[in-house]
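Chain by chain, the residues run as shown.
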Amino acid sequence: MSFLELKNITKRYGPLTAVGDVSLSVEKGEFVSLLGPSGCGKTTTLQMIAGFVEPSAGTIRLDGRDITRAKANSRGLGIVFQSYALFPHMTVFDNVSFGLEMQRVPKGERKPRVEEALSLVHLSPYAKRYPRELSGGQRQRVALARALVIRPPVLLLDEPLSNLDAKLREAMQFELREIQRKVGTTTVMVTHDQAEAFSISDRVVVMEAGRITQIDQPYRIYEHPETEFISRFVGKTNLLPGKVATATGAGATVSLAGIAVPVEMPGLSVGETVTLCIRPEKLRLTQPSNGLLTGRVADRFFLGSQWLYHIDGPLGTVMVVTPNDGSAPADQGAPVGLEWTPSVVRVHRGAMAEAPDVALEVT
Amino acid sequence: MSATLPDSAPAAPAAPGEEAPERRVRSAPLFLSAPAALLFVALVLTPLFLTALLSFNQFDYATGRTGGFTLEHYLSVLTDEYYLEIFFRTFRISALATAICVVIGVPEAYILSRMGNPWRSVFLLVILAPLLVSVVVRAFGWSMLLGPEGPVNGALIALGIGRMKLLYTEGTVVVALVHVMLPFMVIPVWTSLQKLDPAVEQAALSFGASRGTAIVRVVAPQILPGILSGSLIVFGLSASAFAIPGLLGGRRLKMVATVVYDQYLSDLNWPMGAAVAVILLAANLIIMLTYHRVVEGHYRRRLG
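Top line first, the protein sequences correspond to chains A and B.
The C-terminal residue of the first sequence carries number 363 in our numbering, and the numbering is unbroken.
The C-terminal residue of the second sequence carries number 1304 in our numbering, and the numbering is unbroken.
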């Protein structure tokens, strides 16, 4: 029996279905992220868990108790809002203390608990400040302390890091995870940033157009995306359309613009239209004579720890990422070969959909 | 006003050649604000200054001539029970009207801010609609409604309570003032509610606060600046209101503005009228500034 359980949750606004038939089980102490582009229904799902939005259908269970219709102020969940939603007219101490006061915790017990929560987020010296006297990162920590101090069964994070600048965001990601591990609170986070979701979650739930498309560990979602949408949305990927040329028991060869490429996927039939999906970092640059494919360096970008190449070849432009190992990079316009091991190629059945903008999202 | 002179801009320590555009930029705000400033000087400050001057003139009842210098009018206003009572009544009525406007207007603005879109626009229009009708017309409306033969008294008689004197009482003046002033309370409160992050109230609920507690502890303190400016507007306008007390207070229930009118137009004692007007202005300023300081000083650090 899982700790937090959503069963066939649906939310309709008139004819529009914001969230359709979402089922999710979260174990005690787990850190789960809902990941998806804006408008995919992830925030609505979180709001239904929080009790701010009532589901049109389905049930939500917390520790065996049905809370589907329970009022938000009776659920006792800790929520960190995207805007932090701190009480601007109260000091940091009073902000954190508010939840304890509402739970009628005796005054003597409140002070040590607030102090403990503030030291957890390294804000003890700021207890007497007002929110507007704090930086963005500090406000974020106050919001976190305020949500954790009531010792909630579930911590809900709504895009908690999206208002921070890139460097702070990265630091806060790790700190958030560290705090969550220390406290052991079951956590559900909503985010549109896949790097954020991947780096700190135990499991990631990918949502698309109001539905869950894949629930898995971050590594597995990256390596084995179940749909073409996920492979595009999660990280960068090369999508190559082709047709199955030969098929044996365990594998097949796929013809890409006349070039035969071996893949490891059982059950394909000859003549079937497929889309191959290869991550840029799984491709290696070699001498033109050794490559499975050949092409010419159209563009190259230095990313610090990596080089990103755009290679023009018979299949159009292919992205390749190589680690910056200190050796000289391939020159612009130079002919190169591409090679890879067959096991890194993912095969999606069917033709390629229209390329969405998300494929270009820099990660 | 020296502020309208371009020369008062601080000299720009810019490199030669850059000086001209720099100077133009600096003096631009002064030029742009000059028309409004001139209008303000001509239409507000000049009459106010002349009124203040007039209030120190002597008045000769026999000839009606004014001139010279005296503090007699101020002395007689500040020592005469008759005038003092009128001042106290004015501020009592204004304070009461302000308090009632807060009690009605703040929840009204809150409900308005929570409405869905077609209804919000409709009700905002309903709240603003009274401003489109002249105060005089609205005052006559109240006098018809509350008069001895009006529908309210008709209903009281039909219910067996009997005829009541409603017109020309303080209560009627307060009710009519609230009616006129309510939009001036609703609009600033509504504006500050618009600026409120809706998630803040949700946050309070998520920590177990009841809706009422969330409003009192979290929403109300944040819209305090709106309530503050609303009450300053309502109090100021009520204390200097003329048409409502003039038409609904009758000849006996006088307020300061009606006394000024009487002094100018019945007694023809312009210096006395001027003195009463200046005292009203000063008293109003003192009350409002004190109120502002007490309430806002309390919240300045928190809300910025």
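No lab work stands behind these hints: they were computed from the structure.
All values derive from a computational prediction rather than experimental measurement.
Cβ coordinates follow ideal geometry from the N, Cα and C atoms, glycine included.
A couple of the hints might just be wrong.
As the list claims (entries may be wrong) - Heads up, incomplete: computed chain A residues facing chain B, CB under 8 Å, no partners named:
no. : residue
1   : F52
2   : A70
3   : I79
4   : F81
5   : P88
6   : F98
7   : Q103
8   : Q138
9   : I150
Said to hold, decoys possible - Derived lysine-lysine pairs resembling DSS-like cross-links, with alpha carbons at most 27 Å apart:
no. : chain 1 : residue 1 : chain 2 : residue 2
10  : B       : K1165     : B       : K1254
11  : A       : K128      : B       : K1195
12  : A       : K28       : A       : K7
13  : A       : K167      : A       : K182
14  : A       : K71       : B       : K1195
15  : A       : K167      : A       : K107
Said to hold, decoys possible - Here are a few chain B residues that sit away from chain A, every Cβ distance over 12 Å (derived from the structure):
no. : residue
16  : P1035
17  : E1085
18  : L1096
19  : L1196
20  : D1197
21  : V1200
22  : F1207
23  : R1217
24  : L1224
25  : A1243
26  : A1283
27  : I1287
Right, here's what the structure says about each hint:
| no. | hint | in the structure |
| --- | --- | --- |
| 1 | F52 | 6 Å, holds |
| 2 | A70 | 12 Å, violated |
| 3 | I79 | 5 Å, holds |
| 4 | F81 | 4 Å, holds |
| 5 | P88 | 6 Å, holds |
| 6 | F98 | 6 Å, holds |
| 7 | Q103 | 5 Å, holds |
| 8 | Q138 | 16 Å, violated |
| 9 | I150 | 6 Å, holds |
| 10 | B:K1165 to B:K1254 | 17 Å, holds |
| 11 | A:K128 to B:K1195 | 25 Å, holds |
| 12 | A:K28 to A:K7 | 17 Å, holds |
| 13 | A:K167 to A:K182 | 23 Å, holds |
| 14 | A:K71 to B:K1195 | 26 Å, holds |
| 15 | A:K167 to A:K107 | 39 Å, violated |
| 16 | P1035 | 37 Å, holds |
| 17 | E1085 | 40 Å, holds |
| 18 | L1096 | 28 Å, holds |
| 19 | L1196 | 10 Å, violated |
| 20 | D1197 | 5 Å, violated |
| 21 | V1200 | 5 Å, violated |
| 22 | F1207 | 4 Å, violated |
| 23 | R1217 | 8 Å, violated |
| 24 | L1224 | 8 Å, violated |
| 25 | A1243 | 39 Å, holds |
| 26 | A1283 | 31 Å, holds |
| 27 | I1287 | 25 Å, holds |
Figure legend: structure checked against the earlier numbered hints; hints not met, in rising order: 2, 8, 15, 19, 20, 21, 22, 23 and 24.
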